[in-house]
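Enquirer: Protein chains in written order, with numbering that gives the first Met the number 0: chain A, 0 to 298; chain B, 0 to 233; chain C, 0 to 353.
Rather than coming from a laboratory, the hints here were simulated on the basis of the structure.
Note that this is a predicted model, so its numbers are computed, not measured.
Heads up, a few of these hints could be off.
As the list claims (entries may be wrong) - A short, non-exhaustive set of chain B residues, derived as facing chain A with CB atoms under 7 Å: (1) Leu67; (2) Ala69; (3) His70; (4) Arg74; (5) Arg89; (6) Ala101; (7) Thr104.
Stated by the list, open to error - In silico negatives: residues of chain B with every beta carbon more than 12 Å from chain A: (8) Leu98; (9) Gly163; (10) Arg195.
Ideal Cβ positions, reconstructed from N, Cα and C, are used throughout, including at glycine.
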Amino acid sequence: MLTPSYVAQQVINALNIGSIYALVAIGLTVVYGILRLINFAHGDMMTVGAYVALAALTALAMPAVAALLIAMLVVSALGIVIERLAYRPLRGAPEVAMLITSLAISSLIQNGATMTLTAQPRPVRLPAELTQRISALGLSFAVMDVIIIALAIALMVALTLFVQRTTLGIAMRACSENVRVTQLMGIDVNRVIAVAFAISAGLAAAAGVLWTGKFGIVDPFTGFLPGLKAFVAAVIGGIGNIPGAMLGGYLLGFAEVFFVAFMPPEVSGYRDAFVFVLLLIVLLVRPSGLLGAREVNRA
Amino acid sequence: MLSVQNLHVYYGRIHALKGISLEVNAGEIVALIGSNGAGKTTTLATLSGLLRPREGHIYFEGRDLTRLPAHQIVRLGVVHCPEGRQVFARLTVTENLRLAAAHRTDRKNVARDLEYVHQLFPILAERRNQHAGTLSGGEQQMLAIGRAIMSRPRLLLLDEPSLGLAPMVVETIFRVIGSLRQHGVTILLVEQNAYRALQLADRAYVMETGYIKASGLSQVLADDPAVKAAYLGG
Amino acid sequence: MKRLVPLIPIAVVMGLAGLAQSALNDYYQRILAVIAINVILAVSLNLTNGYSGDFSLGHAAFMAIGAYTSAILTLPVRMKAVVLPDLPPWLGQVELPFAVAVVIGSGLAALVAFIVGIPVLRLRGHYLAVATLGLMVIVQVIALNWQPFTRGARGINGLPPFTTLLWAYGWMLVTIAVIWRIVHSSFGRAMMAVREDELAAACRGVPIFRTRLLAFVCGALFASIAGALWAHLITAITPSSFSFLITFNVVAMVVIGGSGSITGSVIGAVLMTLLPELLRRFETALAIGGQPLYGLSQIVVALMMLGVMLFRPQGLMGRRELPEVLAAMGIGVPTRPSRVEAAGEKTAQAQTPG
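The shape of chain A in the complex, shown without the other chains (with noise of 0.2 Å):
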């Protein structure tokens, strides 16, 4: 059974579910380092993206590559939009507060998705280019497969690029330490807060569509799970800090497939409890996370 083959099929399967997660939780880091907010409608942004893209793919005829850039787009929209006017209002209350507003907005995307598009699971048919396999070193894999991995690394290659390089960077840096302070820098501290949210929710769409294109299928509730577990990655690898999250994405993502694909049948379908039972104890033995600094008291 452990064929050299087999496992480095896993591996690929591990880098794919990973690379997901990462996307997903470096959204969720992004926004928590601002605003301390855990962003339960985060999850759904990826179903959102999915369902445009699956909208572009097939409606609309699109070539893949528009309808993911369409996906982002749209969904950065919608995250802008909804910062605006659901979380800007509560700047200052009480954190749970906010945490409130997204699980309200959470159930407002899923039920929305139910009411309009029901919810009933729609097929995604990929382009045939895409689930096209190939055969390398002996290794079968699916240009799909490949895509993922590629894509992931260079939508975080380029996120890391402008964080560290951009005045915006910067200032999304300086307001995850201080929002008061960066005020003081002139900054306007708002529409760094847009920008976050946009990038967040656009790097959700692009996992959704990835997600997806994996598994073949959305329906409403396609990316809360994904949603939870890459906040369980991102404390994982420290909340609030980028490359953390992108750490905590992959480690989460090669330890869940390994888990069911090395463990007995019988166990592996306590494949969703096992990533949460890795948060409780995270949460016990390292609460800061692998890379995670300790949190920092804001004045």
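Fit chains B and C to the known structure of chain A by using the hints.
Expert: Same frame as chain A, now just chains B and C:
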């Protein structure tokens, strides 16, 4: 240049400022002294837009700042260098400085100001790629002032620049404040070290529990027996 | 005489429950029972989410524990041999009275809350939200996979319909009475002190961690009772009966009613049971182009929650209780004012202007 009229500020139900009025003229150094909790920091935070007054007005060169968001106040040239340094610990020294100049469009002057900051505080040039969190307290205060300079202030609101620093560093900081005035920056200075503040400032206001208790020329206040007894240790 | 005053509403509620049980048809009886169960859920969730300031999303998990425990313990032995043949013999042979099963289930839920609470409550409040949601997933996954005890996805059906209105309202009154006493005891004041300002509470010698843990454990205990009542009302349970939807709706009840008010939780529970029930009729009636509007009632719940957060964050009742409201209107016995209304406002003005 700055005219503050009858400012009332509340924290929830706590009435923190109870009708503050003050003036700062171009080119002056004005000190705001008083004991802990008198409302000095609250005054500065209100001037820079971090707090909203419930009553009263703030005019800067005739413009009403009272309802302006904090970042726009900075862009008008009123720059607040907050108490406790508040540098961004996880940004490098250069990033801290760059951020403060981010809203400016006069790129040439930004480069010149950076040079000026490096010249005032050579240690910052040496440590430009270090995270600000790794700097010593004195160096962080230098960075905080450097950052304020990068925002090109015309009126600098300086909150407790000497707090918790070694005497040597305090000397440096006060020297720099003096030289900023030479460069045409007007300064409103909040200091607990009333003695040093009165030495440096042209005029001063004395605050107590949310009120302005006294005001006048620094020398006059420094000789006032009541002020002496309360703030200058007899 | 004055000590007997609280007995009057209790007698009235039980009398009405008894009357309703004999007079109303099954549909209305069921709705009334669901209201009682939701009141138990909301009031107990309020203990953490409203009073001690830790935001828990794990109520469905504790409900599931109570429901499955009671189901396994009360199912008649003969049925158990058929439905759950792989139970260990000592469990397969027992058949306990409902009340005993409920108590055992709540003990189990409290134990789980205790074990989970120790790592999780050491962190800031909102980590608890995700960790308890994780707990819900864990419990659901176990219910789905632990075939010998739960029958997996098929669930357990044919449970004895023990949950009469008298049982439901009896447990509801017990819940309200106990939680009312907790909140108005020194322990309750400790919880509120922790919520308002943890540092200040610690300085005054409040054992922060123990206080928060106890609130969490108590909440779990009563959620489990509600779960058992639910199981024996519907008489069938599956893992998906205890999904995030339940938790969300209970959170909505607490938030809309007013976190930190027992009266508010009761009102929220009644409102949030009846309203979706009414709206569900519209879902099929308002069908556009022949397609029913499934999800409409949940959308309304979500919108109400958003509206409350934006325009009345303290909820309908704020932190007031019924006796205070009555007293303010000049009715009934005045109670000692024990609220700490002002403290919550302190932070509001000093924050970043938006």
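Enquirer: Would you settle whether the hint for Ala101 (chain B) is holds or violated, based on the nearest Cβ-Cβ distance to chain A being less than 7 Å?
Expert: holds (5 Å)
Enquirer: Hey, does Arg195 (chain B) actually stay past 12 Å from chain A on C-beta?
Expert: At roughly 24 Å from the nearest Cβ of chain A, Arg195 (chain B) sits farther out than 12 Å, so the non-interface label holds.
Enquirer: Does the claim that Gly163 (chain B) lies off the interface hold, with its Cβ farther than 12 Å from every Cβ of chain A?
Expert: holds (15 Å)
Enquirer: With chain A as the partner, please determine if Ala69 (chain B) meets the hint condition of a C-beta pair closer than 7 Å.
Expert: holds (4 Å)
Enquirer: With a cut-off of 7 Å, does the beta carbon of Arg89 (chain B) approach a beta carbon of chain A closely enough for the hint to hold?
Expert: holds (6 Å)
Enquirer: Classify the hint on Thr104 (chain B) as holds or violated, based on whether any CB of chain A lies nearer than 7 Å to its CB.
Expert: Thr104 (chain B) check fails; min Cβ-Cβ to chain A is 12 Å, beyond 7 Å.
Enquirer: Under the criterion of a CB-CB separation shorter than 7 Å, is His70 (chain B) in contact with chain A as hinted?
Expert: holds (5 Å)
Enquirer: Beyond 12 Å from every chain A Cβ: check whether that's true for Leu98 (chain B).
Expert: It is violated; Leu98 (chain B) is separated from chain A by about 5 Å at its closest Cβ, not greater than 12 Å.
Enquirer: Once the shortest beta carbon distance from Leu67 (chain B) to chain A is found, is it less than 7 Å?
Expert: Violated, because the Cβ-Cβ distance from Leu67 (chain B) to chain A comes to roughly 11 Å (cut-off 7 Å).
Enquirer: Close enough to count: is the Cβ of Arg74 (chain B) nearer than 7 Å to one in chain A?
Expert: Holds - the Cβ of Arg74 (chain B) comes within 7 Å of chain A, reaching about 5 Å at its closest.
Hint violations for this structure: numbers 1, 7 and 8, all remaining hints satisfied.
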